[in-house]
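Chain residues, written in single-letter form:
Protein chains: 2
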Amino acid sequence: MATVTETIQEVHNDFALTLEMAKDEGKKVVGCLCSYSPTELILAAGAIPVGLCGSTQEPITKAEEILSPDQCPKVKATYGRAIAGTCPIFPLADCVIAETTCDGRKKMYELLEREVPMCVMDLPQKPDTSAALDHWIEEVRKAKTYLEQQLGVTITDDNLREAIAKGNRRRKLITNLYYCRIHNPGPINGLEFINTMTKLQYYIDIDNHLETLEQFYSSLQEQIDKKVHAHSANQPRILWTGLGNSLGCSKVLELVEECGGVVVCQEGCGGVTRSEDQIILMEDEDPIVSIAKRYLRVTCACMTPNNQRFDDLTRLCDEFKIDGVIDLAWQFCQPFEIESYRVKELVKDTLDLPFLHIVTDYSQSDTEQLRIRVEGFMEQIATRKRHDRRN
Amino acid sequence: MATVTETIQEVHNDFALTLEMAKDEGKKVVGCLCSYSPTELILAAGAIPVGLCGSTQEPITKAEEILSPDQCPKVKATYGRAIAGTCPIFPLADCVIAETTCDGRKKMYELLEREVPMCVMDLPQKPDTSAALDHWIEEVRKAKTYLEQQLGVTITDDNLREAIAKGNRRRKLITNLYYCRIHNPGPINGLEFINTMTKLQYYIDIDNHLETLEQFYSSLQEQIDKKVHAHSANQPRILWTGLGNSLGCSKVLELVEECGGVVVCQEGCGGVTRSEDQIILMEDEDPIVSIAKRYLRVTCACMTPNNQRFDDLTRLCDEFKIDGVIDLAWQFCQPFEIESYRVKELVKDTLDLPFLHIVTDYSQSDTEQLRIRVEGFMEQIATRKRHDRRN
Numbered sequence: 004m005a006t007v008t009e010t011i012q013e014v015h016n017d018f019a020l021t022l023e024m025a026k027d028e029g030k031k032v033v034g035c036l037c038s039y040s041p042t043e044l045i046l047a048a049g050a051i052p053v054g055l056c057g058s059t060q061e062p063i064t065k066a067e068e069i070l071s072p073d074q075c076p077k078v079k080a081t082y083g084r085a086i087a088g089t090c091p092i093f094p095l096a097d098c099v100i101a102e103t104t105c106d107g108r109k110k111m112y113e114l115l116e117r118e119v120p121m122c123v124m125d126l127p128q129k130p131d132t133s134a135a136l137d138h139w140i141e142e143v144r145k146a147k148t149y150l151e152q153q154l155g156v157t158i159t160d161d162n163l164r165e166a167i168a169k170g171n172r173r174r175k176l177i178t179n180l181y182y183c184r185i186h187n188p189g190p191i192n193g194l195e196f197i198n199t200m201t202k203l204q205y206y207i208d209i210d211n212h213l214e215t216l217e218q219f220y221s222s223l224q225e226q227i228d229k230k231v232h233a234h235s236a237n238q239p240r241i242l243w244t245g246l247g248n249s250l251g252c253s254k255v256l257e258l259v260e261e262c263g264g265v266v267v268c269q270e271g272c273g274g275v276t277r278s279e280d281q282i283i284l285m286e287d288e289d290p291i292v293s294i295a296k297r298y299l300r301v302t303c304a305c306m307t308p309n310n311q312r313f314d315d316l317t318r319l320c321d322e323f324k325i326d327g328v329i330d331l332a333w334q335f336c337q338p339f340e341i342e343s344y345r346v347k348e349l350v351k352d353t354l355d356l357p358f359l360h361i362v363t364d365y366s367q368s369d370t371e372q373l374r375i376r377v378e379g380f381m382e383q384i385a386t387r388k389r390h391d392r393r394n
Numbered sequence: 004m005a006t007v008t009e010t011i012q013e014v015h016n017d018f019a020l021t022l023e024m025a026k027d028e029g030k031k032v033v034g035c036l037c038s039y040s041p042t043e044l045i046l047a048a049g050a051i052p053v054g055l056c057g058s059t060q061e062p063i064t065k066a067e068e069i070l071s072p073d074q075c076p077k078v079k080a081t082y083g084r085a086i087a088g089t090c091p092i093f094p095l096a097d098c099v100i101a102e103t104t105c106d107g108r109k110k111m112y113e114l115l116e117r118e119v120p121m122c123v124m125d126l127p128q129k130p131d132t133s134a135a136l137d138h139w140i141e142e143v144r145k146a147k148t149y150l151e152q153q154l155g156v157t158i159t160d161d162n163l164r165e166a167i168a169k170g171n172r173r174r175k176l177i178t179n180l181y182y183c184r185i186h187n188p189g190p191i192n193g194l195e196f197i198n199t200m201t202k203l204q205y206y207i208d209i210d211n212h213l214e215t216l217e218q219f220y221s222s223l224q225e226q227i228d229k230k231v232h233a234h235s236a237n238q239p240r241i242l243w244t245g246l247g248n249s250l251g252c253s254k255v256l257e258l259v260e261e262c263g264g265v266v267v268c269q270e271g272c273g274g275v276t277r278s279e280d281q282i283i284l285m286e287d288e289d290p291i292v293s294i295a296k297r298y299l300r301v302t303c304a305c306m307t308p309n310n311q312r313f314d315d316l317t318r319l320c321d322e323f324k325i326d327g328v329i330d331l332a333w334q335f336c337q338p339f340e341i342e343s344y345r346v347k348e349l350v351k352d353t354l355d356l357p358f359l360h361i362v363t364d365y366s367q368s369d370t371e372q373l374r375i376r377v378e379g380f381m382e383q384i385a386t387r388k389r390h391d392r393r394n
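Quick mapping for you: the protein sequence lines, in order, are chains U and C. Residues 4 to 394 in our numbering are what the first sequence lists, from first letter to last. Residues 4 to 394 in our numbering are what the second sequence lists, from first letter to last.
Derived from the structure by calculation, the hints contain no laboratory data. It is possible that part of the hints are untrue.
What the hints assert, rightly or not - Quick list of the computed label-pair ranges, beta carbon to beta carbon:
hint, chain 1, residue 1, chain 2, residue 2, range
1, C, Glu67, U, Glu288, 27 to 37 Å
2, C, Thr215, U, Lys351, 47 to 57 Å
3, U, Ile375, C, Glu68, 22 to 32 Å
4, U, Glu371, C, Asn16, 42 to 52 Å
5, C, Asn16, U, Glu116, 30 to 40 Å
6, C, Thr21, U, Thr370, 17 to 27 Å
7, C, Val119, U, Asp131, 18 to 28 Å
8, C, Thr386, U, Val156, 55 to 65 Å
9, U, Val156, C, Tyr344, 28 to 38 Å
Said to hold, decoys possible - Only pairs whose alpha carbons sit at most 25 Å apart, straight line, appear in this in silico PhoX-like list of lysine-lysine:
hint, chain 1, residue 1, chain 2, residue 2
10, U, Lys347, C, Lys65
11, U, Lys230, U, Lys175
12, C, Lys347, U, Lys129
13, U, Lys65, C, Lys347
14, U, Lys145, C, Lys129
15, C, Lys129, U, Lys296
16, U, Lys296, C, Lys202
17, U, Lys129, C, Lys296
18, C, Lys145, U, Lys129
Claimed, not checked - Calculated Cβ distances over 12 Å to all of chain U for the following chain C residues:
hint, residue
19, Pro72
20, Glu113
21, Leu136
22, Asp210
23, Asp287
24, Ser343
The C-beta atom is built at its ideal place from N, Cα and C for all residues, glycine as well.
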């Protein structure tokens, strides 16, 4: 099977070609850099939303000519993609929607703005107050106006309602896909699942995209019905939390499954809790308000105190019958690094589960060191399972 | 002369004693952690504002038992002060006012809240919009209510107006002090100036404090009048920008002056631009709004795009006849690290001045390496001055 990194590169090249054809036909492309970007605005503008976060090691050297090395690999790779000229997708973006999430991104965007027109939205850091919501609604409204001006379109409430319906449908399908892995034994391993999701995340036409997600779901459902299993019921069931849920985390994901575990659940901005959370569109509510409410609920360590993440983790560990939790932070990701202390408290002390905190980057230099730690973690889980069976 | 670190320790011990006596007499103490904390609220509540940022190496080891090492020394030292039990001032704080400035602080506060009652204000990251100001006004209002409840007092508009007048008077005096160094040759070296300012920044009674600042100003003014100089007119005049303006930066400051330079101007959250910027209190305006407006103007790299800093630097380099700019960032301070690229562009390309970017921490381990860089920088300035004289 291809590694996730190979998949990313292959998908980028294929997708760039299709995207270019769509642009030739007059389509506009809007880059997104985070789970806080309200893609419904882009869909409502008739444009194609494209994730532009860097997830590979290659562009980092170029980025470090300008950014200090102690920025997280995602910040460096994203900036590097833009300035190194190696990413076939980046130059196709007509503009980019971004948010003041973490320090690295926020400040890097000041330089990225030199490469592409950008709308950087001011994201409140304490999302639970009404003043924060009011502020964020204004930012979403400004992003809508920005897109209208930048793309030369008018976004009507009907456009927004239609985009919300499709966005919700998409999230529902992705949630269904994630929940296929609740079965033990299950129909798919973590690596194959993420490989497939990586390929599926790029789309030109949202309707075709929804159809493809449906097909993937049907195929998994069929395997579940026919009891075709990709792993045994005895393999340690791992919940993956923190960063790198969908891309760039291939190294650790591969190690976990090579060492006999199976990643059955992902929590975080690319994980199940982000797809579960729908836009609640009420008849008499301005759709901009409905969109703003949902995107302010995204759980990321850049928020404080981000308590929802802890409720989610507690629920998911129970639902997915988790044997151990791996918490991944990119090197120099200060918010997830600090929040990890509270995650450890929750997992070890409250949930009484084995816990492994990994700090890494996109390079391969620490792979063998990580293998030793992951092997030890799997052994810890196995010992515990043997002990539990005996008692 | 005492090093700045010695001064800090001595001042802390002396101040803790005086503070304890004030508390015995019923006074309340409110900790502040940043230039964004509206100290006028604390003064209006009849309480004593005390800066609680860590500026020494000692508490960092303890902090690293919980925080990851790749947090900036200020975040680690501040947290370490609280949990290590080595700081005599920290336990005297009845509560703390803080803000969601940078990632490290924001997330560290989630753990610091376990040690002391805290009000963490949500600080907008793009301060130039009306939605940001509205949001911040609400946060300042909440901080006022928090103090009233926590300290059992009522803060009236008259209390606020009086506190604003004193805060403005204090800033005016500090600005005057900073501007004493515009003279060349000048009445005081950078090290002595910062040593004195470090001692003066702690106060129990604002009126006594204002008097002491007046006295310091008179003494410098007298030296200027009598032409008593602390340095010659030929020494390289250095503008200090970035972090560590007032405390913790002693190592680099000492090196600059040992190598023949003199730090005549500081830009940044402890520098002249923060004291120049007054609260503009209009008759018919809610004083909370006036306070909020001023504190949202604080220039820090945690803001984006923080353009005011660049205007300030341009003006100060001219006013203070600067020969070279040193830009200091604490290790792992991602916002100042990235912003430094734009500072370098301004200083080298636009202002055509020698520029030195230093990344360091509170330890002494890199002192001799830094000495070589600072010596080279002074030589670069000297060569340039010789060359300028010849042409």
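Hints versus structure:
1. Between Glu67/C and Glu288/U the beta carbons are some 48 Å apart, a value that contradicts the proposed interval 27 to 37 Å.
2. Distance hint check for Thr215/C and Lys351/U: the Cβ-Cβ separation is about 51 Å, which falls inside the suggested range of 47 to 57 Å.
3. Remark: the range hint 22 to 32 Å for Ile375/U to Glu68/C is upheld by a beta-carbon distance near 24 Å.
4. The beta-carbon spacing between Glu371/U and Asn16/C, approximately 50 Å, falls within the hinted interval of 42 to 52 Å.
5. Under the hint 30 to 40 Å, the C-beta atoms of Asn16/C and Glu116/U, about 48 Å apart, miss the expected range.
6. Under the hint 17 to 27 Å, the C-beta atoms of Thr21/C and Thr370/U, about 57 Å apart, miss the expected range.
7. Range check, Val119/C to Asp131/U: about 21 Å between beta-carbon atoms, so the 18 to 28 Å window is met.
8. For Thr386/C and Val156/U, the hinted distance range of 55 to 65 Å is satisfied, since their beta carbons lie about 58 Å from each other.
9. At roughly 35 Å, the beta-carbon separation of Val156/U and Tyr344/C lies within the given 28 to 38 Å, and the hint holds.
10. For the given pair, Lys347/U sits about 18 Å from Lys65/C by alpha-carbon distance, which is consistent with the 25 Å threshold.
11. For the given pair, Lys230/U sits about 24 Å from Lys175/U by alpha-carbon distance, which is consistent with the 25 Å threshold.
12. This hinted pair does not check out: Lys347/C and Lys129/U have alpha carbons roughly 33 Å apart, beyond 25 Å.
13. A threshold of 25 Å between alpha carbons decides the hint, and for Lys65/U with Lys347/C the separation of about 18 Å falls inside it, so the pair holds.
14. A C-alpha spacing of about 13 Å is found between Lys145/U and Lys129/C, which places the hinted pair at or below 25 Å, so the restraint holds.
15. Among the hinted pairs, Lys129/C with Lys296/U is consistent with the structure: their alpha-carbon atoms are about 20 Å apart, no more than 25 Å.
16. With a C-alpha separation of about 48 Å, the suggested pair Lys296/U and Lys202/C falls outside the 25 Å cut-off, and the hint is violated.
17. Only pairs whose Cα atoms come within 25 Å are accepted, and Lys129/U paired with Lys296/C is accepted, the gap being roughly 20 Å.
18. For the given pair, Lys145/C sits about 13 Å from Lys129/U by alpha-carbon distance, which is consistent with the 25 Å threshold.
19. A cut-off of 12 Å between C-beta atoms contradicts the statement that Pro72/C is not in contact with chain U; the least separation is 9 Å.
20. Chain U draws Glu113/C into its interface by the beta-carbon criterion, the shortest separation being 5 Å against a cut-off of 12 Å.
21. Against the 12 Å criterion, Leu136/C falls within the reach of chain U, whose nearest CB is about 10 Å from its own CB.
22. Taking the minimum C-beta to C-beta distance to chain U, about 35 Å, the non-interface status of Asp210/C holds against the 12 Å cut.
23. With a closest Cβ-Cβ approach of about 23 Å to chain U, Asp287/C is found to remain outside the 12 Å limit, as its non-interface label requires.
24. At roughly 8 Å, the least C-beta separation between Ser343/C and chain U is not larger than 12 Å, which violates its mark as non-interface.
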